[in-house]
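Could you put the whole structure together from the sequences, leaning on the hints where they help?
If you want the building blocks of each chain, they are given just below.
There are 2 protein chains.
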Amino acid sequence: MNKRRSAPTLEDVAAEADVSRATVSRVVNADPRVSASARERVLAAIEALGYAPNRAARSLVTRQADSIAVVIPESDARVFSDPFFAGTLHGIATALSRTDLQMVLVMGQPDDGDGRLSKYLRGGHTDGAIITSHHRRDEFWRTAQAAGLPMVFLGRPFAPMAGMPYVDVDNVHGAALAVKHLVEQGRTRIATIAGPSDMVAGADRLTGWRRELRAAGLPDDAVVHGDFSAAAGAAAMAELLANHPDLDGVFVASDVMAVAALETLRRHGRSVPDDVSVVGFDNTDAAVEATPALTTIVNPIVPMARQAVGLLLGLLDGDQVPAAVTLSTELVVRSSSIPADRQH
Amino acid sequence: MNKRRSAPTLEDVAAEADVSRATVSRVVNADPRVSASARERVLAAIEALGYAPNRAARSLVTRQADSIAVVIPESDARVFSDPFFAGTLHGIATALSRTDLQMVLVMGQPDDGDGRLSKYLRGGHTDGAIITSHHRRDEFWRTAQAAGLPMVFLGRPFAPMAGMPYVDVDNVHGAALAVKHLVEQGRTRIATIAGPSDMVAGADRLTGWRRELRAAGLPDDAVVHGDFSAAAGAAAMAELLANHPDLDGVFVASDVMAVAALETLRRHGRSVPDDVSVVGFDNTDAAVEATPALTTIVNPIVPMARQAVGLLLGLLDGDQVPAAVTLSTELVVRSSSIPADRQH
DNA sequence: TTGAAAGCGCTAACAT
DNA sequence: ATGTTAGCGCTTTCAA
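Those sequence lines, one after another, are chains A and B. Position in the first sequence (from 1) plus 169 gives the number in the working numbering. Position in the second sequence (from 1) plus 169 gives the number in the working numbering.
Honestly, the hints are just simulated from the structure, not real lab data. Glycine included, each C-beta is placed from N, C-alpha and C at the ideal position. Heads up, some of the hints might be wrong.
Stated by the list, open to error - Cβ-to-Cβ under 8 Å is the rule here; a few derived chain A residues that face chain B: (1) Asn223; (2) Leu229; (3) Leu274; (4) Val275; (5) Lys288; (6) Arg291; (7) His294; (8) Thr312.
What the hints assert, rightly or not - A few chain B residues that don't get close to chain A, going by computed Cβ distances all over 10 Å: (9) Thr357; (10) Thr376; (11) Gly386; (12) Pro469.
And the structure:
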């Protein structure tokens with residue numbers, strides 16, 4: 170029976186290098202107050218023993234976890250089939266790779282009151298959190314906030330709180346841009362497939378759509394909500410067609426839903442863009458690949474994620490950080506919105 | 170100046186409930202040896218103080234981190250635009266939600282010898298790891314294995330190791346199924362857009378393609394590699410067309426590449442499926458949505474992820490676990506592979 | 001520049 | 001059933 174060799178500790182390294190634990194600790198933490206010879210011996214010992222510091226022990230005394238939580242309060246599969254999610258993670262991971270922070274992905278019930286999510290956030294395993302895909306009824310962050318955990322929202326929260334900055338895209342303006350473009354194409358009966366009303370992005374895009382329509386003196390009654398999924402987009406489009414057969418333009422609150430709507434329009438014999446102009450939101454790959462290619466609003470997901478990390482790092486450093494960062498959007502015109510008779 | 174109130178500890182709860190720390194610990198850890206009255210007082214104190222155990226302290230003594238690492242040795246953005254990644258995370262997250270384990274997403278350079286990845290894995294912050302998107306030159310797991318960290322590969326590693334189980338899909342058979350189907354459609358000049366040769370999935374699918382072609386007595390020289398990205402798929406298809414203008418069938422090692430190849434074929438004036446039959450691999454949403462809808466091989470990503478979690482949990486429990494779990498595939502026939510003259 | 005010693009918050013013998 | 005005690009591995013004063 171071999172004695173199960175456990176991982177080497179600071180003590181082992183100290184013995185091997187013939188110095189004290191404190192000196193080893195200084196070397197590991199790049200403290201300059203170590204002689205060259207001692208440092209050399211310690212480094213050699215670390216190498217020889219394959220020593221890696223135990224983070225639990227370190228965390229216990231430094232009260233730092235060296236990791237941040239990315240909280241996605243979604244229990245269903247939607248978030249995984251949504252390119253928004255991938256872009257967000259990518260942006261966060263990239264921004265984090267410049268630091269020593271690890272990323273802990275925390276998922277759970279949106280309305281988790283004092284369950285897993287809030288327990289985890291208060292457990293001290295992370296130094297801060299980025300909360301995304303926030304729903305109106307979420308409460309888990311309250312206890313975490315009370316515990317003093319630095320947090321930033323990726324996507325404006327329903328009730329912005331002092332000390333909890335957020336980064337968002339100007340959804341209202343983006344939606345207005347989309348509607349403006351549709352109006353400019355000569356469309357007069359413009360519907361929308363809106364996002365879920367318990368999410369700010371959904372509500373804001375609806376607001377922008379409505380505002381611009383009213384400014385143009387056009388009716389703003391053709392609204393159906395979807396949950397940002399393809400299935401919802403297809404169903405919503407069918408419903409709009411049934412209730413408003415005269416529609417000639419649609420602003421869809423996400424590309425995923427828009428691409429599905431395109432298909433539904435096709436099945437109903439409506440030509441896009443000749444009969445109906447369609448504008449999406451996000452500018453994902455799906456927009457480029459759609460047939461016809463989808464006119465859409467740029468959603469700067471990766472820059473937003475980077476900003477969120479930047480804000481959180483600032484919070485962790487005790488810096489003064491802005492209460493909100495809002496990124497601008499722009500319109501990308503492709504074929505789905507320009508009727509043949511307007512093309513030159 | 171308010172004294173910054175730090176998080177309540179076991180000690181605080183013990184004082185509040187007028188019991189010892191040990192009793193509080195027992196209540197927290199559901200130890201039955203506590204009287205009802207004591208338990209009640211402790212629970213009340215926990216509630217009153219908003220106590221949450223400090224996981225670093227607990228980890229230090231239990232030597233458990235209550236989390237597992239999902240290692241994705243990819244530094245680039247590819248992994249995020251790949252639906253394979255989303256499915257994998259989804260499967261793992263779902264399987265993990267039944268446990269108390271958290272999921273730490275660890276990304277890094279594929280060839281990271283003794284860098285971040287291996288340091289992290291040896292740091293004791295996780296109880297085990299699931300390694301996915303494994304490349305031939307990866308080495309980071311060696312030191313982790315030496316340190317005794319339970320690990321499972323999601324996707325067969327190049328050199329299977331004792332004690333490190335893997336779960337994989339039968340890529341060779343899947344590819345063979347695809348080729349068999351193409352042959353049955355009367356195709357005789359069948360090319361392939363293969364995956365990267367430094368990944369097992371890429372190599373295995375190429376093997377299956379080759380094996381089946383040889384069995385059918387057909388040439389197996391039309392091969393171009395791609396890195397599973399859409400751009401690579403488009404470029405590879407163009408190259409195949411240039412070098413083998415007589416091709417009438419293509420097996421593409423991923424749906425992402427296949428959909429891009431479809432577009433390239435269209436641009437080159439080849440009709441799919443009339444001139445060229447195309448079969449992909451993965452059966453992602455993109456396959457359903459493609460025009461024409463893509464015939465493909467089912468890649469049971471989510472079940473694989475669940476299996477991986479199951480194996481890892483077994484390892485953590487010290488159970489005997491199989492060295493490998495291989496899931497089977499099947500063919501899903503859609504329009505991209507059946508020429509008009511074969512349809513009825 | 002270095003070492004000794006205290007203690008982070010918790011669990012787990014051991015004692016009662 | 002409950003309390004006492006001894007660490008887990010590390011950082012960090014404080015002395016030397």
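Evaluated hints:
1. Asn223: holds, 5 Å
2. Leu229: At about 4 Å, which falls below the 8 Å cut-off, the nearest Cβ of chain B leaves the hint on A:Leu229 intact, so it holds.
3. Leu274: holds, 5 Å
4. Val275: Where the cut-off is 8 Å and the nearest Cβ of chain B is about 7 Å from A:Val275, the hint holds.
5. Lys288: holds, 6 Å
6. Arg291: holds, 4 Å
7. His294: holds, 5 Å
8. Thr312: Since the shortest Cβ distance to chain B is 7 Å, the answer is holds.
9. Thr357: holds, 31 Å
10. Thr376: holds, 30 Å
11. Gly386: Answer for B:Gly386: holds, closest chain A Cβ roughly 37 Å.
12. Pro469: Since the minimum Cβ distance to chain A is about 15 Å, B:Pro469 lies beyond 10 Å and the statement holds.
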